[in-house]
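Chemist: Could you build all of it, start to finish, from the sequences and the hints given here?
Chains as they are written, first to last, in the numbering used here: chain D, 1 to 321; chain Y, 1 to 311.
No lab work stands behind these hints: they were computed from the structure.
Think of the CB as a built atom: it goes at the ideal place given N, C-alpha and C, for glycine as much as any other residue.
Hints may be right or wrong, so weigh each one.
To be verified - Have a look at the derived ranges for each label pair, beta carbon to beta carbon:
{"no.": "1", "chain 1": "Y", "residue 1": "84", "chain 2": "D", "residue 2": "95", "range": "42 to 48 Å"}
{"no.": "2", "chain 1": "Y", "residue 1": "139", "chain 2": "D", "residue 2": "163", "range": "53 to 59 Å"}
{"no.": "3", "chain 1": "Y", "residue 1": "76", "chain 2": "D", "residue 2": "95", "range": "43 to 49 Å"}
{"no.": "4", "chain 1": "Y", "residue 1": "139", "chain 2": "D", "residue 2": "309", "range": "29 to 35 Å"}
Take a look at the letters that make up each chain.
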Amino acid sequence: MYRYIATRLIIAIPTLFVVSLIIFVIMRILPGDPLVSFLGIELDQIQQITAEERKALLAELGMDKPWVEQYAVWMGGVLRGDMGESFLRGDSISAIIAKRGLLSAEIAVLAVLIAWIIGLPAGIIAAVKPNSILDGFTSTVTVFFLAIPGFWFALLIVVAGILWFGYKAPITNIPPWVDPWRNFQMVIGPAFVVGVGAAAFIARITRSAMFEVLQEDYIRTARAKGLVSRLVLVRHAFPNALISVVTVSGLLLAFSMGGAITVEIAFVVPGLGKTLSQAIIARDFLMVQNLTLVYAGVFILVNLLIDLTYGRLDPRIRLTD
Amino acid sequence: MRDRVTENEPYTGDDVKVASSSRTFVARNFTKWYWGLRGFARQRPVSAFWLAISVFLILMAISAPLIAPHEPNKPDFLNIKTEPNRSDIFGTDQLGRDYFSRTIFGARVSLLIAFTSVALGTAIGGVLGILGGYLGGTFDLISQRFLEVLMAVPGLLLAIILVLSMGAGASAVIIAIAVTRLPTTSRVLRAETMSIKETQYIDSARSIGASPLRVMIVHVAPQTVASFIVIFTASLGTAILTEASLGFLGLGIAPPTATWGGMLGEAAVTLIPDWWMVLFPGMFITLTVLAFNLFGDGLRDVLDPRARGRI
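Modeler: Okay, here's the thing in structure tokens:
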């Protein structure tokens, strides 16, 4: 088991390394001028800067050095927990990501909870009584929510909230230890939207997995020996169906993490998604670079956790090799 | 009757005639398509309905200049942000442009980008998959590692980074979405190629001296067409959602061109978004994705019965 975790971690590191390398190179070949965000002025004024001033500014940002050196400086900083300074405001990127990342993490955890609480029972009910009215209802809702863009759903909730419930978009980032209730109000909207979308995904997979498992011989055996229907479902069918659900959780994760970026913006919640979009607009290289690395890192790590759970749930899978 | 025309047709040497007369060719294929569609509609009526909706949306996009009552990009500063009324049935936006016309024209961008990016992405992904699955060895190893790196970043984020690196514009968006389609396509076709490779007819083709390239093109590729079509239709919905998300983030086609995602982005920028500016573009995105997804589901059930009920 430990050996397996170690091997997987060793594989994850080169992947992260390649990802960081790709982001770094892409950010260097960008057509935008990094000085735009640093100086915060119009393009034509940038062209008025003399070549020397330009050189001095680039030197200040550390962008005049060769790529290899720039990359080494960046990576060295990241490994020490210092991601450099945002071009936009000169703030420490690590501090911004830590502060805003908390909000995004809260949204992610809540969304996953909502997704499992709604998706699993819905999928099981649909599979137990196939072609019933309930099954038809769940599959219609599921198909519908898989087609709805999360950010549109979010915007609709915001508009309805403003029109009918006197909702106001949050402006400031309130940490949970200052005012838990207001913090919850901020997070619940995005978490609900992302969670419901993910729930549709889970319900669909749970239904097909459960349906397949219920056709198995051992389910018939369990029923034949007179086991109560509820126990057949809970003890025999569900644990086996769960394996398929966990397997595709990686896909679900990509879906939710990508979706959360736009949903946060629609709700005007100052999380990482909002930070990313601001950084994109301002061509804040270092910020985008670091944020992508953080997203990829979290993504790889959670996928690793999923694989480990998968091995736990299914003893047939040998974790030693 | 239907089965005789659509499949299992005995080889009669008709190909020679077809080559000499293009009319017979068209007529034969027309009947083939007709019976195929009819069979599909009988087996999967719901999916056939959504196919009709997809066709309707495509026709709407093509004939946008004929349908749209107003010029989509013409501002009208006297009628800014008017609610839906008789002359502007979807209302007007912050520049007084007719929202209905913009929504109709938005279909053009969405569908064009979805089709081209999915065609590009699945084609390259498919070639990578077949090559990797058939050749194995170093090529397979390198291409698989490359795709793993692509999969290590969530799809939308990958698209964002790629558009940023290429600068906004239609081709940048198309390439970015195409790249996000690579891993799934190549994985599925690779697995399929690996199982086809073990069959006897591949062995016999090789034993009579067919080159690897010929085996791949003539014997392997046609066997993967069903999976390819399934992946293609399934990818369309995702591509439209990704394109809309990019537009929403301001990374899509540059304004003033109307795009559904871009329109939603413009609506969201205002502190208090107007309901009609939010409702209509999103409705069309949902309808389009729904149509492609449900048609794709039915097509998959018909073409690949093993995958029925799976995602």
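Chemist: Hints first: check each against the structure and report whether it holds.
Modeler: Outcome of the hint check:
Range check, residue 84 (chain Y) to residue 95 (chain D): Cβ separation about 46 Å, and the 42 to 48 Å hint holds. The given range of 53 to 59 Å is respected by residue 139 (chain Y) and residue 163 (chain D), whose C-beta atoms sit roughly 58 Å from each other. Against the hinted window of 43 to 49 Å, the Cβ-Cβ separation of residue 76 (chain Y) and residue 95 (chain D) comes to about 47 Å, which satisfies the hint. In this structure the supplied range 29 to 35 Å holds for residue 139 (chain Y) paired with residue 309 (chain D), their Cβ-Cβ distance being about 33 Å.
Hint violations for this structure: none, all hints satisfied.
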